[in-house]
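Peer 1: Listed below are the residues making up each chain.
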Amino acid sequence: MENPFKTHKLWKGADDEDVQETLDALEAYILGDEQVFNSIFKNVGEPWERRDHNLSKRMFCLQFVKAENLDIKKIHQNHPALTLARKMIHQIDEVRAPQEKIECVFRAARIIYRMLNETSGESASADDFLPILIFVVLRSQASRLYSSLDYMAQFRRPSRLSGERHYYLVQLQTAVAFIDHMDAASITINPEEFEVKYKSREREWEERGGQVTIVSESVSDPRA
Amino acid sequence: MADVRGKNNYKIVLLGEGRVGKTSLVLRYVNNTFSDKQQTTIQASFLSKRINIGENTCNLAIWDTAGQERFHALGPIYYRDADGALLVYDTTDTESFAKVKNWVKELRKMVGQEIVLCIAGNKIDLDKERQVEKSEAEEYAASVGAYHFQTSAKLGKGIEETFLALAKKMIEQRQENDSRQSARRSGGNAPILVVADDTSNGGSGAASGSKACNC
Numbered sequence: 001m002e003n004p005f006k007t008h009k010l011w012k013g014a015d016d017e018d019v020q021e022t023l024d025a026l027e028a029y030i031l032g033d034e035q036v037f038n039s040i041f042k043n044v045g046e047p048w049e050r051r052d053h054n055l056s057k058r059m060f061c062l063q064f065v066k067a068e069n070l071d072i073k074k075i076h077q078n079h080p081a082l083t084l085a086r087k088m089i090h091q092i093d094e095v096r097a098p099q100e101k102i103e104c105v106f107r108a109a110r111i112i113y114r115m116l117n118e119t120s121g122e123s124a125s126a127d128d129f130l131p132i133l134i135f136v137v138l139r140s141q142a143s144r145l146y147s148s149l150d151y152m153a154q155f156r157r158p159s160r161l162s163g164e165r166h167y168y169l170v171q172l173q174t175a176v177a178f179i180d181h182m183d184a185a186s187i188t189i190n191p192e193e194f195e196v197k198y199k200s201r202e203r204e205w206e207e208r209g210g211q212v213t214i215v216s217e218s219v220s221d222p223r224a
Numbered sequence: 001m002a003d004v005r006g007k008n009n010y011k012i013v014l015l016g017e018g019r020v021g022k023t024s025l026v027l028r029y030v031n032n033t034f035s036d037k038q039q040t041t042i043q044a045s046f047l048s049k050r051i052n053i054g055e056n057t058c059n060l061a062i063w064d065t066a067g068q069e070r071f072h073a074l075g076p077i078y079y080r081d082a083d084g085a086l087l088v089y090d091t092t093d094t095e096s097f098a099k100v101k102n103w104v105k106e107l108r109k110m111v112g113q114e115i116v117l118c119i120a121g122n123k124i125d126l127d128k129e130r131q132v133e134k135s136e137a138e139e140y141a142a143s144v145g146a147y148h149f150q151t152s153a154k155l156g157k158g159i160e161e162t163f164l165a166l167a168k169k170m171i172e173q174r175q176e177n178d179s180r181q182s183a184r185r186s187g188g189n190a191p192i193l194v195v196a197d198d199t200s201n202g203g204s205g206a207a208s209g210s211k212a213c214n215c
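Going down the list, the protein sequences come from chains A and B. The first sequence lines up with residues 1 to 224 when you count with the UniProt record's numbering. The second sequence lines up with residues 1 to 215 when you count with the UniProt record's numbering.
Honestly, I wouldn't trust all of these hints.
[Unchecked claim] With a straight-line cut-off of 30 Å between C-alpha atoms, the simulated DSSO-like cross-links for lysine-lysine are: (1) K74/A x K154/B; (2) K134/B x K154/B; (3) K49/B x K109/B; (4) K12/A x K7/B; (5) K7/B x K49/B; (6) K6/A x K7/B; (7) K154/B x K73/A.
[Stated by the list, open to error] Just a few of them, taken from the derived set where beta-carbon distance is under 7 Å, the chain A residues facing chain B: (8) S123; (9) S125; (10) F129; (11) Y167; (12) Q173; (13) A177; (14) S186.
No lab work stands behind these hints: they were computed from the structure. Every residue, glycine too, gets a C-beta built ideally from N, C-alpha and C.
I would like the entire structure built from these sequences, with the hints used as guidance.
Peer 2: Written out as structure tokens, the structure is:
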């Protein structure tokens, strides 16, 4: 794709970074277009739609899970940074271009790490990071995470999807997988309590007719 | 355009139980040599380092993973496209060594022989509290075709050697794979055969990452 640029007189003398930035802009321009984006997202295929729907249901049913159930340290449980990170994850649904979506993931990660570094004094590791990311994703109300993950991986140019950004995308994928398989054994909770609360949320979900939007007092604030 | 898995890019996953000090190990490794450079990474879970080995320059991308048991099942998401794995245990904690053995078994089963394994026994500065004997660990590592090193993130011991051996072996392994692939391509429809020989690949101890391969 870069050859037409390199040979065009307007890009004469441009270095590699210039060309890369041009391609970034082009990618954002095309995929950031509402109609182009919608046509892609409406045609992700039935399997992805089903997975997104199932995940939304699971996330709805799991809203009783608290930070302490994931053994997140007390000083982090009520930290305002979690709200910011949660909004960043939620924003994945609201932006269109792959690079913008990836930036949301990256910013959420950066917010969490900054908090971890500030509160602990030493460098934070994946051991501290992942439970918090899981919690933040669970509370995010993001509704198309599987499709978004696939879209980011498919449509971001590979040369730009490397290093740290790639790592955080995989972390998000991990968090989603964990939520999708979360049960009483994978978190710190009384199994009966898990069962009862899950069932009750599930009934609520059915009553709402399997609605995707999960708006309730308890989920709008991570401190709840 | 640069490939994600570019010619000189190597991915290493860090595996080990929560408190074995795997994060400090990598921090020690990356920061020691890059101390004059500004770290652009935001934290310690993804670190990269460029090293020169002979004529090869290689970029190591080191991926930290959460070590808690509850995240064990998510391992494949991290390691499936890795070139190498650094498995860290705490020499004062037998259980952490048992965990490493589990990881090795799983990695060999899931990704086979193509991933380079390196086992590091960390916290040798606490020698008085040692529970895992060096000879035992070395013997085990040799039996599964992995390197074994003793390290101390605290004292900065053994770390450089660990990563150097790992890097050398990953380069070697990739060259081997590349030549095997081109041989396969020219050889028509020969079945894909991965030569699996645990004992002759990679020893333990010294960084002698250049043992002849038998394929």
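Peer 1: Next step is simple, just say for each hint if it's right about the structure.
Peer 2: Comparing the hints with the structure gives:
1. K74/A x K154/B: 27 Å, holds
2. K134/B x K154/B: 18 Å, holds
3. K49/B x K109/B: Holds, at roughly 29 Å.
4. K12/A x K7/B: Roughly 28 Å between the alpha carbons, so the hint for K12/A and K7/B holds.
5. K7/B x K49/B: With Cα atoms ~15 Å apart, K7/B and K49/B stay inside 30 Å; holds.
6. K6/A x K7/B: 24 Å, holds
7. K154/B x K73/A: Roughly 25 Å separates the two Cα atoms, so the pair holds.
8. S123: 4 Å, holds
9. S125: 4 Å, holds
10. F129: 6 Å, holds
11. Y167: At about 4 Å, which falls below the 7 Å cut-off, the nearest Cβ of chain B leaves the hint on Y167/A intact, so it holds.
12. Q173: 6 Å, holds
13. A177: 6 Å, holds
14. S186: 5 Å, holds
In summary, the structure agrees with every hint in the numbered list given earlier.
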